[in-house]
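Asks: Assemble the complex: chain A is given as a structure, and chains B and C must be docked to it using the hints.
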Amino acid sequence: MENKRILEVNDLSVSFDTYAGEVQAVRGVSFYLNKAETIGIVGESGCGKTVTVQSIMKLIPMPPGRIKQGKILFENKDLTGYSDKKMQLLRGSEMGMIFQDPMTSLNPTMKIGHQIIDVLKRHKDITTDDARKKAIEMLGMVGLSNPKGRINQYPHEFSGGMRQRVMIAIALICGPKLLIADEPTTALDVTIQAQIIDLMKGLKEKIKTSIILITHDLGVIAGMAERVIVMYAGKIMESGTVDDIFLNPLHPYTWGLLKSVPRLDSIGNEKKLSAIPGYPPDLFSPPVGCAFAARCNYSMEICYEAIPKMTSETDGHHVSCWLTHPLAPKVNRKSVEGGNKNE
Amino acid sequence: MSKYMLKRFIISIFTIWILITIVFFLVRMLPGDPFTSNKVTPEIAKNMMKYYGLDKPLHEQYFVFMKNLFRGDLGYSLRYSGRTVNQIIADAFPRSADLGIRALIFAVIAGLMLGIVAALNQNKNWDKLSMLIAILGISVPSFIVGALLQYFFAVKLGWLPAAQWKGFAYTIMPSFALGLGTLALVARLMRASMLEIVNQDYIKTAKAKGLTQTQITWKYQIRNAILPVVTILGPTVAYLTTGTFVVEQIFAIPGLGRHYVIAIQNLDYSLTLGLTIFFGSFLVLMNFVVDILYGVVDPRIRL
Amino acid sequence: MEITSSKFKRIGINAEINQTIVRPSITYWQDAWRRLRSNKAAILSMVLIAIFTFFAFIGPTMTEYDYKTNDYTSINQSPSSEHWFGTDELGRDLWERVWEGAKVSLFIGLMAALVQTTLGIIIGGIAGLFGGKVDMVIMRIVDILIAIPYMIVVIMIMVIMGSGIIPIIIALTITGWVDMARLVRGQILQLKNQEFILAARTLGASSGRLLFKHLLPNSLGVIIINLTMSIPRAIFSEAFLSFIGIGIKPPMTSWGQLANIGARAMRVAPYQLLIPGIFISLTMLALNILGDGLRDCLDPRLRK
Numbered sequence: 001m002e003n004k005r006i007l008e009v010n011d012l013s014v015s016f017d018t019y020a021g022e023v024q025a026v027r028g029v030s031f032y033l034n035k036a037e038t039i040g041i042v043g044e045s046g047c048g049k050t051v052t053v054q055s056i057m058k059l060i061p062m063p064p065g066r067i068k069q070g071k072i073l074f075e076n077k078d079l080t081g082y083s084d085k086k087m088q089l090l091r092g093s094e095m096g097m098i099f100q101d102p103m104t105s106l107n108p109t110m111k112i113g114h115q116i117i118d119v120l121k122r123h124k125d126i127t128t129d130d131a132r133k134k135a136i137e138m139l140g141m142v143g144l145s146n147p148k149g150r151i152n153q154y155p156h157e158f159s160g161g162m163r164q165r166v167m168i169a170i171a172l173i174c175g176p177k178l179l180i181a182d183e184p185t186t187a188l189d190v191t192i193q194a195q196i197i198d199l200m201k202g203l204k205e206k207i208k209t210s211i212i213l214i215t216h217d218l219g220v221i222a223g224m225a226e227r228v229i230v231m232y233a234g235k236i237m238e239s240g241t242v243d244d245i246f247l248n249p250l251h252p253y254t255w256g257l258l259k260s261v262p263r264l265d266s267i268g269n270e271k272k273l274s275a276i277p278g279y280p281p282d283l284f285s286p287p288v289g290c291a292f293a294a295r296c297n298y299s300m301e302i303c304y305e306a307i308p309k310m311t312s313e314t315d316g317h318h319v320s321c322w323l324t325h326p327l328a329p330k331v332n333r334k335s336v337e338g339g340n341k342n343e
Numbered sequence: 001m002s003k004y005m006l007k008r009f010i011i012s013i014f015t016i017w018i019l020i021t022i023v024f025f026l027v028r029m030l031p032g033d034p035f036t037s038n039k040v041t042p043e044i045a046k047n048m049m050k051y052y053g054l055d056k057p058l059h060e061q062y063f064v065f066m067k068n069l070f071r072g073d074l075g076y077s078l079r080y081s082g083r084t085v086n087q088i089i090a091d092a093f094p095r096s097a098d099l100g101i102r103a104l105i106f107a108v109i110a111g112l113m114l115g116i117v118a119a120l121n122q123n124k125n126w127d128k129l130s131m132l133i134a135i136l137g138i139s140v141p142s143f144i145v146g147a148l149l150q151y152f153f154a155v156k157l158g159w160l161p162a163a164q165w166k167g168f169a170y171t172i173m174p175s176f177a178l179g180l181g182t183l184a185l186v187a188r189l190m191r192a193s194m195l196e197i198v199n200q201d202y203i204k205t206a207k208a209k210g211l212t213q214t215q216i217t218w219k220y221q222i223r224n225a226i227l228p229v230v231t232i233l234g235p236t237v238a239y240l241t242t243g244t245f246v247v248e249q250i251f252a253i254p255g256l257g258r259h260y261v262i263a264i265q266n267l268d269y270s271l272t273l274g275l276t277i278f279f280g281s282f283l284v285l286m287n288f289v290v291d292i293l294y295g296v297v298d299p300r301i302r303l
Numbered sequence: 001m002e003i004t005s006s007k008f009k010r011i012g013i014n015a016e017i018n019q020t021i022v023r024p025s026i027t028y029w030q031d032a033w034r035r036l037r038s039n040k041a042a043i044l045s046m047v048l049i050a051i052f053t054f055f056a057f058i059g060p061t062m063t064e065y066d067y068k069t070n071d072y073t074s075i076n077q078s079p080s081s082e083h084w085f086g087t088d089e090l091g092r093d094l095w096e097r098v099w100e101g102a103k104v105s106l107f108i109g110l111m112a113a114l115v116q117t118t119l120g121i122i123i124g125g126i127a128g129l130f131g132g133k134v135d136m137v138i139m140r141i142v143d144i145l146i147a148i149p150y151m152i153v154v155i156m157i158m159v160i161m162g163s164g165i166i167p168i169i170i171a172l173t174i175t176g177w178v179d180m181a182r183l184v185r186g187q188i189l190q191l192k193n194q195e196f197i198l199a200a201r202t203l204g205a206s207s208g209r210l211l212f213k214h215l216l217p218n219s220l221g222v223i224i225i226n227l228t229m230s231i232p233r234a235i236f237s238e239a240f241l242s243f244i245g246i247g248i249k250p251p252m253t254s255w256g257q258l259a260n261i262g263a264r265a266m267r268v269a270p271y272q273l274l275i276p277g278i279f280i281s282l283t284m285l286a287l288n289i290l291g292d293g294l295r296d297c298l299d300p301r302l303r304k
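Protein chains in written order, with the working numbering: chain A, 1 to 343; chain B, 1 to 303; chain C, 1 to 304.
Chain A with its partners taken away, still in its complex shape (with noise of 0.2 Å):
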């Protein structure tokens, strides 16, 4: 059980020191992921989703970030420890990471060929010419008519889908173990968008890379994960597969975030766009019991004071919420509208 998993993220803290005071972005945060898998984390703005996954590289700049605990292990290497000249070795090679924007995420006064061909120089033993032809290929496999051309171009002659199959290109050109996707498509258009999704559905077959999907899009995660992880104010409120998630969830957040996803089907038959009411808490001072408390129908005193012990449903479906203790009154939930019940 333990050698199948490529990371393993245990009570990971880590917090900002700002003028203001401490900013405590992610708050105890534990989870694993398997060779070959993909797991998806959704949450909304703020939720600490980034931060997480920036700690696993280290890209948090330290001061003002600080892991606080926790431990990050990668093959069983704790990478907490590590200097940033240990963490180069790894970042490129063993793991790779593509952002959000790709309008901006490349050096606008390099040409594409050669922001590919230094990251393999970089880390293989490699001539130019090999590491030439093997960026062509790269940039073919990910879908580009004419990379021998497209090879020579700078960036701003590119559309913002094509940057982004370059920086996917990149991430992947060394064969990383881990890929970390930190909203890929957020900024793209819808219909771009799908094709990215394609594109990394296709070398997730092919490459068999671990995947981290960080997304608000509930939608790209069930057509790609596996596992989920729902995580609100710094902390995980509910994890399991995307069966247990969509079909069973537990957590009042979850049940907020699917019944806000507009439906096809009512279309005629309108009912209000629904919306969690009220905002994410102040991380600032972080309230003392559930974070979600204030904008949950269901709350209880208790949820107020304390922090609900993580437990588990089923095998591998964990949640974080007074609700599933003995004493709670039992939630008699309709089924939840909105995505896509028709799996």
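Just so you know, the hints here were simulated from the structure itself, not pulled from any lab data.
Quick reminder that beta carbons are idealized off the backbone N, C-alpha and C, glycines included.
Be aware that a few hints might be false.
Unchecked claim - Not close to chain B: a few residues of chain C, all C-beta gaps over 10 Å, as computed:
{"id": "1", "residue": "GLY12"}
{"id": "2", "residue": "THR63"}
{"id": "3", "residue": "ALA200"}
{"id": "4", "residue": "ALA205"}
{"id": "5", "residue": "THR228"}
{"id": "6", "residue": "SER281"}
Stated by the list, open to error - Quick list of the computed label-pair ranges, beta carbon to beta carbon:
{"id": "7", "chain 1": "C", "residue 1": "GLY132", "chain 2": "B", "residue 2": "ILE22", "range": "20 to 30 Å"}
{"id": "8", "chain 1": "B", "residue 1": "LEU132", "chain 2": "C", "residue 2": "LYS192", "range": "37 to 47 Å"}
{"id": "9", "chain 1": "C", "residue 1": "TYR72", "chain 2": "B", "residue 2": "LEU136", "range": "34 to 44 Å"}
{"id": "10", "chain 1": "C", "residue 1": "VAL47", "chain 2": "B", "residue 2": "ILE22", "range": "49 to 59 Å"}
{"id": "11", "chain 1": "A", "residue 1": "GLY160", "chain 2": "B", "residue 2": "ILE301", "range": "12 to 22 Å"}
{"id": "12", "chain 1": "B", "residue 1": "ILE172", "chain 2": "C", "residue 2": "ILE146", "range": "32 to 42 Å"}
{"id": "13", "chain 1": "C", "residue 1": "LYS192", "chain 2": "A", "residue 2": "VAL331", "range": "46 to 56 Å"}
{"id": "14", "chain 1": "A", "residue 1": "VAL261", "chain 2": "C", "residue 2": "GLN30", "range": "34 to 44 Å"}
{"id": "15", "chain 1": "C", "residue 1": "MET136", "chain 2": "A", "residue 2": "ARG66", "range": "53 to 63 Å"}
{"id": "16", "chain 1": "C", "residue 1": "ALA41", "chain 2": "A", "residue 2": "LYS4", "range": "56 to 66 Å"}
{"id": "17", "chain 1": "C", "residue 1": "ILE122", "chain 2": "A", "residue 2": "ASP198", "range": "50 to 60 Å"}
Replies: This is chains B and C only, laid out in the frame that chain A set:
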């Protein structure tokens, strides 16, 4: 891109023409005339005016002037009898250009280095020191720097020659005094540029690729940070050119700037006019060259 | 904490909590002032400039000499208890001359900057607000004026008009307004498209009201920064012009003119250059530091 260049070129020529016309009429409005003095009788003065064509109506003078200009003839100096403006330019400009180029190279290289060091050591001692030098550089006028240098290194310590332009040692202080202001400007701009770039997404990408800090600093940061600095090269050349007016005066360098100042003080219409046109046109042309340079350096514009 | 069944009483959504924004929001100007106050160098600079201004008026009254009386019995004397800053080649007291000169230099610096700024705001404001043909014409003129080298124009005007305070101010401002005009126009163009302007128009605001009540106040930050940086530029220009002999001429005096005389006397009496030089440099330094500080605190993007 060539259409853009052509348009810029035409605008430059047009600007120069407007400049020339304005200067021509302004100079003709000057009080007094260059010939009246104790040594010259009114009659001789009148004859000289006639000889130089200064008694004709203004618009006639203008046409004659423009005609001569097209032939490359800027006229005669009214004070240095017999010498043409062209001769003076040909003699003095190379010296000023030499001074200017030395100052420019010094300022740009030292300024870039200072700015890079400051940015890489943000808020630490090197940064504070560099920025202190920079803010002093833009605050202390070049003539004061020059005079102070002259006093300490030449008069007091005798390490360097105080004036004139006869060898390498003579060029040190003037180039420094002239270039200091530019050095400061470049340093501040480069630092700001580097710091802005450090927050850009593509730097994060570079880090995520596992590249070394050196690779990132040179290929990703500096290469992009330099672009805004190129844009100030135009005003820099203007700043250096007007700087030569005072630096050459202090160090008694027989350059074009010095001639210009003297021409103005002597009410030498013709020379003033000729040199103003020369300097003005030179600066407009330099701006145009910088525009092209920027296009070469930034691939986004090159297309 | 004891877990009893009473704790599981349903409470539900608490709108009071989920809608509070914990950090108090402070206004733009409060924030700017806060940031400026913490910039010690900028505060020191303001104090320095205030001191100089104070002495510009009070200084000359502190001794019995005046700035233009020649005294051939005490020429080129070093600073002493008699003449605090020494005397020049005509025996004039330098303390007096420095502070009289301060009046002139500071006045020119301030006036030139104010005139440039006002012209720039008006012209840039008109261009930005009315747009279309008006904007195009104004911008073409601005483009050409920018292309003509500033110092050349200034020198030419000085040569025509002769020396003096008014000629200098005219020379410095006749093309000096273009920077401010461009900045203001840019700001207005940016603001024009924002929603609060649309809202104001919908409520029937006239162009004048739009300009003065909405557009200009929101451009104030940019205006203040540019104004503060124009002052040292003007002081430098005056010093430059006087140094090459076409700025302020005797018997009037300015720091630039003092530097001119001082440079010539440098071998025998270096203090004659050093003292005005220090004053010019300190003033420019203080103004530049203040300008930097203002830029740091009025630009919302730079908030740390």
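Asks: Non-interface claim for GLY12 of chain C: all C-beta distances to chain B beyond 10 Å?
Replies: The claim holds: GLY12 of chain C sits with its nearest Cβ about 42 Å from chain B, beyond 10 Å.
Asks: Could you check that no beta carbon of chain B comes within 10 Å of the beta carbon of ALA205 of chain C?
Replies: Label holds. Min Cβ-Cβ 37 Å, cutoff 10 Å.
Asks: Using the Cβ atoms, figure out if MET136 of chain C sits within 53 to 63 Å of ARG66 of chain A.
Replies: 55 Å, holds
Asks: Would SER281 of chain C pass as off the interface with chain B, using Cβ distances and a cut of 10 Å?
Replies: At roughly 4 Å from the nearest Cβ of chain B, SER281 of chain C sits no farther out than 10 Å, so the non-interface label is violated.
Asks: A cut-off of 10 Å on Cβ-Cβ distance, and ALA200 of chain C was said to be off the interface with chain B. Does that hold?
Replies: ALA200 of chain C is indeed farther than 10 Å from all Cβ atoms of chain B, at 33 Å.
Asks: Are VAL261 of chain A and GLN30 of chain C spaced within 34 to 44 Å by their CB atoms?
Replies: 41 Å, holds
Asks: Given the hint of 20 to 30 Å, is the C-beta distance from GLY132 of chain C to ILE22 of chain B inside that range or not?
Replies: 28 Å, holds
Asks: Minimum Cβ separation between THR228 of chain C and chain B greater than 10 Å?
Replies: 14 Å, holds
Asks: Do the Cβ positions of ALA41 of chain C and LYS4 of chain A conform to the proposed distance bound of 56 to 66 Å?
Replies: Once the Cβ atoms are compared, 59 Å apart, the range 56 to 66 Å for LYS4 of chain A and ALA41 of chain C holds.
Asks: For the hint 32 to 42 Å, verify it against the beta carbon of ILE172 of chain B and that of ILE146 of chain C.
Replies: 34 Å, holds
Asks: Go ahead and decide if the range 37 to 47 Å is satisfied by the Cβ distance of LEU132 of chain B to LYS192 of chain C.
Replies: 41 Å, holds
Asks: Indicate whether the distance between the beta carbons of VAL47 of chain C and ILE22 of chain B respects the range 49 to 59 Å.
Replies: 43 Å, violated
Of the numbered hints listed earlier, those contradicted by the structure are 6, 10.
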